[in-house]
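Top to bottom, those sequences are chains A and B.
Take 1 as the starting number for the first sequence in the working numbering and just add one per residue.
Take 1 as the starting number for the second sequence in the working numbering and just add one per residue.
Don't read these hints as lab results, they were simulated from the structure.
Don't be surprised by glycine CBs; every beta carbon is placed ideally from N, CA and C.
Mixed in with the good hints, there may be bad ones.
To be verified - Pair ranges (Cβ atoms, derived):
1) Arg209(A) with Phe272(B): 54 to 60 Å
2) Ala121(B) with Ser67(A): 24 to 30 Å
3) Gly133(A) with Leu223(B): 54 to 60 Å
4) Phe63(A) with Ile227(B): 35 to 41 Å
5) Gly198(A) with Ala90(B): 35 to 41 Å
6) Leu223(B) with Phe24(A): 39 to 45 Å
Unchecked claim - To give a feel for the contact side, a few chain A residues facing chain B, derived at Cβ under 7 Å:
7) Gly40
8) Thr81
9) Val87
10) Phe101
11) Ser105
12) Asp108
13) Leu112
14) Gly113
15) Val117
16) Arg118
17) Asp120
18) Tyr217
Listed below are the residues making up each chain.
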Amino acid sequence: MNALAQIGPDSTLISFRNVYAAYFGDIHVLKNLTLSFRSGEVTGIIGPNGAGKSTVLKTLLGFLKPSAGDIVFDGRSLLGTPSHDMVHVGVGYVPQNSSLFLDLSVEDNLILGCWPVRRDGARVRRAIDRVLGDFPMLAPFRHGRAGELSGGQRRFLEIARALLIEPKALLFDEPTAMIAPKYASEVYDHIARLARQGIAVILVDQNVRPCIQVSDYVYILELGQKTMEGDADAFRSDERIRAEIGRWLEVSGG
Amino acid sequence: MTSLMTGAIVNAIALGILYGLLGLSLTIVYGAMRIANLAHGEMVLAGSYVAYVVTTQLGYSPLAAIPVAFILLFLLAFALFAVAGRRLQAARDPEMASFLFFYGVSLMVASGLLFLFDADARSVIFQFQPLSYRVLGLVIPKARVVAVGVAMVLVPALFLFLYRTTSGKALRAAVMNRDALRIVGVDVERLSLVAFSVSAGIAGVTGVLLALVFPAFTPFSGLDYTITGFVVIVLGGLGSPLGALLGGMIFAFSEQLTTLWIGQSAGVLAGFLILVLVVAIRPAGLIGQAEWKS
Numbered sequence: 001m002n003a004l005a006q007i008g009p010d011s012t013l014i015s016f017r018n019v020y021a022a023y024f025g026d027i028h029v030l031k032n033l034t035l036s037f038r039s040g041e042v043t044g045i046i047g048p049n050g051a052g053k054s055t056v057l058k059t060l061l062g063f064l065k066p067s068a069g070d071i072v073f074d075g076r077s078l079l080g081t082p083s084h085d086m087v088h089v090g091v092g093y094v095p096q097n098s099s100l101f102l103d104l105s106v107e108d109n110l111i112l113g114c115w116p117v118r119r120d121g122a123r124v125r126r127a128i129d130r131v132l133g134d135f136p137m138l139a140p141f142r143h144g145r146a147g148e149l150s151g152g153q154r155r156f157l158e159i160a161r162a163l164l165i166e167p168k169a170l171l172f173d174e175p176t177a178m179i180a181p182k183y184a185s186e187v188y189d190h191i192a193r194l195a196r197q198g199i200a201v202i203l204v205d206q207n208v209r210p211c212i213q214v215s216d217y218v219y220i221l222e223l224g225q226k227t228m229e230g231d232a233d234a235f236r237s238d239e240r241i242r243a244e245i246g247r248w249l250e251v252s253g254g
Numbered sequence: 001m002t003s004l005m006t007g008a009i010v011n012a013i014a015l016g017i018l019y020g021l022l023g024l025s026l027t028i029v030y031g032a033m034r035i036a037n038l039a040h041g042e043m044v045l046a047g048s049y050v051a052y053v054v055t056t057q058l059g060y061s062p063l064a065a066i067p068v069a070f071i072l073l074f075l076l077a078f079a080l081f082a083v084a085g086r087r088l089q090a091a092r093d094p095e096m097a098s099f100l101f102f103y104g105v106s107l108m109v110a111s112g113l114l115f116l117f118d119a120d121a122r123s124v125i126f127q128f129q130p131l132s133y134r135v136l137g138l139v140i141p142k143a144r145v146v147a148v149g150v151a152m153v154l155v156p157a158l159f160l161f162l163y164r165t166t167s168g169k170a171l172r173a174a175v176m177n178r179d180a181l182r183i184v185g186v187d188v189e190r191l192s193l194v195a196f197s198v199s200a201g202i203a204g205v206t207g208v209l210l211a212l213v214f215p216a217f218t219p220f221s222g223l224d225y226t227i228t229g230f231v232v233i234v235l236g237g238l239g240s241p242l243g244a245l246l247g248g249m250i251f252a253f254s255e256q257l258t259t260l261w262i263g264q265s266a267g268v269l270a271g272f273l274i275l276v277l278v279v280a281i282r283p284a285g286l287i288g289q290a291e292w293k294s
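Model the full assembly from the supplied sequences, consistent with the hints where possible.
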């Protein structure tokens with residue numbers, strides 16, 4: 001059933017339906033937001049500082065409860081699902097700040113990434129070998145402390161860890177912030193590859209140009225509202241959109 | 001080496017491993033929940049009273065008190081956490097709320113013990129066969145050998161759990177990055193519940209073992225254990241199991257050697273002096289977490 005639903009004409013995996021969310025009282029950070037995220041595509045979310053981009057991810061992950069609206073994943077509402085169950089549901093997350101356990105070994109970080117299937121030792125070993133095969137740069141450090149990795153290597157370890165239990169959706173919050181430029185393009189390459197493997201990738205990014213470059217579909221948020229959306233191709237070529245982006249890049253200093 | 005010196009070293013090793021055990025259970029709770037359990041010493045003391053009831057009052061071996069203390073303290077802590085845990089974590093200032101809450105619990109347990117057992121000092125009275133061993137010219141009571149023997153089984157078992165099992169790794173990871181645990185799918189609330197209950201169980205067992213080593217205890221001895229526990233884990237590095245063991249050894253050695261060279265009253269002072277020096281020079285403790293350094 002699920003497979004059929006995914007390969008149907010509309011491959012929408014996640015949808016936000018008129019979502020409102022607030023950190024305090026009724027000061028809404030997200031206002032009546034309707035978004036959809038499809039399997040096999042990178043959906044970019046861009047916008048000036050304070051637009052609510054990261055809040056979209058936090059709300060989706062259950063860290064912040066919507067005050068109104070619904071978030072639907074694969075046909076069922078995600079509301080009320082605790083954050084720690086998102087991995088079980090099939091939603092992986094690579095946050096902006098480090099989510100590694102720096103004093104544990106690279107392998108132990110991966111072992112904890114297999115938490116939902118931890119009782120199946122053979123599956124854990126297979127999954128770890130698989131991701132280390134996909135991220136060969138991590139293999140030599142397998143038994144070293146994660147804290148000894150460089151910024152770029154740490155980010156790859158986080159991505160590898162998120163892939164261990166084969167998520168249907170993977171959320172990235174500023175994946176190339178705070179890492180060396182030589183790794184940044186590699187991170188974007190990986191993001192594109194994940195989408196080609198059928199994962200619904202959501203990419204929140206300050207770096208507008210590479211984000212639009214790697215995305216299939218783009219949303220622009222401003223003050224918690226959707227101000228523009230469309231195929232990334234249009235965003236790459238449309239003068240009006242480029243001007244708009246230029247305007248708020250100036251405002252946010254981005 | 002004089003026999004006094006040998007005696008001090010043997011004592012230090014024995015106490016060091018028990019202090020290490022005390023620190024281990026405290027550090028598990030601190031690591032998983034980021035709370036200072038001020039009632040930890042009273043949980044240890046409750047274990048000592050279990051030993052008192054099982055041996056002195058009922059006439060069984062202190063070994064029988066070990067599972068009783070573990071199960072009793074585990075269940076009490078489980079109930080306590082089930083009632084208060086979620087509320088404390090949801091409080092506006094969880095650390096201050098927990099601090100006050102556990103201070104209240106420590107007073108409550110102490111007054112409960114006072115009510116049940118009066119203020120007189122109690123001791124574990126049990127005739128081991130033989131009563132003592134003679135090694136290297138030292139007379140070592142069998143009670144002490146038993147206590148250290150049990151600790152020497154428990155400590156490696158705990159280390160195996162913390163360093164080799166996935167749940168143990170999750171517990172150690174909690175002190176490094178609690179939010180990231182949620183991201184990989186760990187139910188942190190549940191982990192805290194288990195950590196708190198297991199820690200209380202171990203504290204109870206530690207209480208049984210300490211009752212075999214120290215001659216007597218009163219309902220007010222808990223504070224000493226709490227202080228020793230905190231000194232040990234701050235010395236070693238908060239949240240580090242290896243640090244707790246190292247801290248326990250250092251504290252016990254400084255106590256015993258100072259007692260030998262200067263006198264009994266200087267014994268405890270030396271431990272605190274080392275604590276202050278370590279915190280001044282290396283605030284993260286001897287084996288501090290990377291996060292604390294950066």
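*In ascending order, which of the hints set out earlier in this document are inconsistent with the structure?*
2, 7, 8, 11, 15, 17 and 18
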